[in-house]
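For the record, the sequence lines run as chains A and B.
Per our numbering, residue 155 is the first one in the first sequence, and the count goes up by one each step.
Per our numbering, residue 5 is the first one in the second sequence, and the count goes up by one each step.
Keep in mind the hints are simulated off the structure, nothing from the lab.
Even for Gly, the Cβ is constructed at its ideal location relative to N, Cα and C.
One-sided and incomplete, this derived list gives chain A residues near chain B with beta-carbon spacing under 10 Å: (1) Glu159; (2) Ala168; (3) Asp171; (4) Glu173; (5) Ser309.
Label-pair restraints from in silico Cβ distances: (6) A:Thr417 <-> B:Ser154: 50 to 58 Å; (7) A:Ser500 <-> B:Ser154: 55 to 63 Å; (8) A:Ser506 <-> B:Thr63: 53 to 61 Å; (9) A:Gln421 <-> B:Ser154: 51 to 59 Å; (10) A:Pro509 <-> B:Arg60: 53 to 61 Å; (11) B:Glu141 <-> A:Leu423: 54 to 62 Å; (12) A:Ser179 <-> B:Leu64: 21 to 29 Å; (13) B:Ser154 <-> A:Pro182: 35 to 43 Å; (14) B:Ser163 <-> A:Gly175: 28 to 36 Å; (15) A:Asn156 <-> B:Arg27: 28 to 36 Å; (16) A:Val268 <-> B:Leu64: 42 to 50 Å; (17) A:Thr378 <-> B:Val23: 34 to 42 Å.
Residue strings, one per chain:
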Amino acid sequence: MNDFETRLAARFAALVDHEAGAPDSAPPFVPVLEDEAPDRRSRTRVFLVAAVVVVVAALTWAGLSQVIHLPGPQVAGPPTPSAGTTATAVSTAPSTSASAQTTSSVAGASTTVVGGMTLSLPAGWTVTPQTYSGGSGPIPGSTVWCIDPVTAKGSCTISLTSAGQATGNPLDVDVEGGWSSNPSYCSVDVRQGQATHTLDVADVRSFGGRSAEYRKWTHTCTATQVVQAEMYEVAYAPAWILFSEHADSYVSAVMAWVAQHSTLPVQTLPLRLQDLGYVRSVHASVSAYIVTLDRVYASAYSTAGEINNSSTTYEYTIPALLVDAAGKQIAAPKVGDRAFIVTNGSAVTGYSVRPL
Amino acid sequence: MITQARTGPQPVGSSDFEVCYERYWWPMVRLATGLLGDRAAAEDAVQEAFTAVYRRWSTLAEVTRIGYLRVCVVNATRTTQRRQTTQRKHLRLVEDRPAAGADEGLIQQFDRDALRQALNLLPLRQREVLALRFVSELPDAEIAQATGLSLGGVRSASSRGIAALRSSMGELR
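Next up, chain B with everything else stripped away, as it sits in the complex (with noise of 0.2 Å):
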């Protein structure tokens, strides 16, 4: 469902993108969320990446949309996290955290606020491999392609990255 902001040219495919669209919109607001923790800065996120799509559609060749789409996600998702940097580093002393509880619930609310936590303190390119590896289920090219990181360098920063989480939350029994 597209609406025209404006009067004016349709861009070539448009009824492509409008497939495209509803098809990614809830995969790619995953992705995003995996990657900035909150849903309403993953939507602005994924918004602004299919604006850019939407914007080169017509010269995109069909088997590079979506891979162009997915960079456009995580380059959104970088440029979010950059706006946020500052605050969020500066706030690291800062957060509270509710009080415990018995209750299952809070538990497993704790841990993932744990497994956030964590996530936060990776480096971003650790975070965000590991984010197209465990919520788009990428295999190591297609993830090498949204990062542009070589493959060695996915490999090595999936690495770093589950070995850093495994040292900061134990074996997650």
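One chain only, chain A, in its complex shape (with noise of 0.2 Å):
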């Protein structure tokens, strides 16, 4: 052990002294038996099996209703599975929300609402407020809830946010999960260069009545360990995000389920929360810059690193005495930045350039 790793054990060692504090008995050990708490094994087994019920009553229902043609609540079905390979395809075209979905049945849904929203679930899952320990917790002013099979109750397979008031972060629709932050996959010991992230399909998809950025990635970050993130962002006031990070074709088709067959609350602000992309036109006046922004996705998994298949553009107006994060007014916005603009949803709140 070198110096720096002498300080580095004594500073380590006083940090867990200081977050476990005074050394402890071991409190009365109560063993939890077996009937009362299925072990992991049981539980995936339950789940799996829940998962073929679901799987089966839904294809017998689609298979039923073709055959006599019975007009059956319309049902997204499990898409396509990526096709697991490092090439990037994207679809940038707003897709009509039938397009990519199939109709199925899924008997024994249950509804309920949540902050607002009516939450519509199929039959084996269930939601449950997120709880939090130790100094994580939720963007300040969101709410998070955990949608999960009923045997897996708390694990937050999928999360449903509703964004609220959160001001701390500004809603970014080309992360995972959502937020404006740098989430980091494969954190495993994984050699450079072995993993591939891939953004699989970028477009528009409703989601409880409302148009939503749908997002969905492949982490692979070896052989064995591959995170798929699936994402529908309401990036209007009031916001809302389904993500989840387990996202195989089966959690895959529970999203979709949810996204059609739940209602979000209204939009109630004009503007988006959150967007990217290039401004076509500046038009200065005394106390403000009207820009015409020409939407981008971005990609930090593309080679291209962003995706425009759109000509159409929005206006902002961007006030003239905005100040960036750290108290400085901001230039005035040109023609050609590649601009990521905030809003609160009905004045722009944050401008800053953002170079590919």
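Relying on the hints, combine the two individually framed chains into one complex.
See below:
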């Protein structure tokens, strides 16, 4: 151990002493018997059986519907699994919500109201408020619920977030989780270059009756460790995010089902809460710059770095006295800026240039 | 001290388990705290680990019990961290710190905060290796057993973790 390691060991020990507090004797050990809390393997088994039952029921209903032409409820079926290659296959054309969906049926769906949203869940799934331990918690002002199979309650297989009045972090529809941040996948000891990350799908889909940015990512860390992330993000107030880092075909189908059958509160404010794109025009007045923005989808995982298949522009009014995070007045927007815009729904509150 | 939650057969060798529990509970809480940064979450993870060990106690060879316990603790902290990952990584931009002051206690607090923050930015395996090395003071072979890494993997993760901490925290004078 060299000097640095010796000092680090001492600091680490001091840190743990502080965080763990004074040494304690062990509290009484209360063994939980098998019949009270099935072990993970049992839970997984129950979950798999439940999953198979639901899928078989859905397929049976779909088959029957085709044979006897029943006008059954429109339910999202499992999408075709991604090819699993490292190539980035992206569709940016806004899709009609029906085009990518099949019909089937899930019996025994339940409906509940969470945070003003009418949430529909397929049979066998449940929703609970997310609990936090330690220093972690939701983005201030937001509320998170966990959507799980009833046999894995609280695991947060899918998270449902009401962004509420959260102001600490801007939303970001191009980041896993839906907030501006720097999520790191493949944090295990993966050799550099071994992991691959792909943005599989980027388009617009319906979530709770509102238009949502839809993204699907695949992070292949090792041959056996693959993280599939999927997100529906409604970027207008009140903003909602449906997100999973366990989005295999089954979970993905459940998310699609939830997105299609639930109802979100209606949009209350006119401006999108976050946008990214190229400034195509600027009109300056005494107090503001009116810019038109050509929206792009950012992808840290594609070779191009972004996708822009539409020339539609969106107008924003940037206050001339707007300051950046450091309190410095922003530079005047210019045509060609790759701009990241944040709003409070009514007015622009942040403008920064993010070169590709 | 074992309290049976329900009547039922005691596992074979449960008195040995009791000794193990009382002896290793605190060291395991320290290890889990080193990994999670939170005492309450650490206690939950350790309870989960001891419960797993309790179920298999009679089938575990005596020499393997502590190693198995350590694996269970590391696995339980991984589960806890997976649950916390999303909210923590998305909180990175909004974490606030108390205002700075000249007080010595505050300076120490900032040192601790800086180390915890630097540790949280390390890949999970590097953090595990460093905690097992510096908190539990285990040799590389036992770290390998607890983490499922090869000996080379342990040394590599340790070296990279230390280099990353040195880079983010300086020389720790």
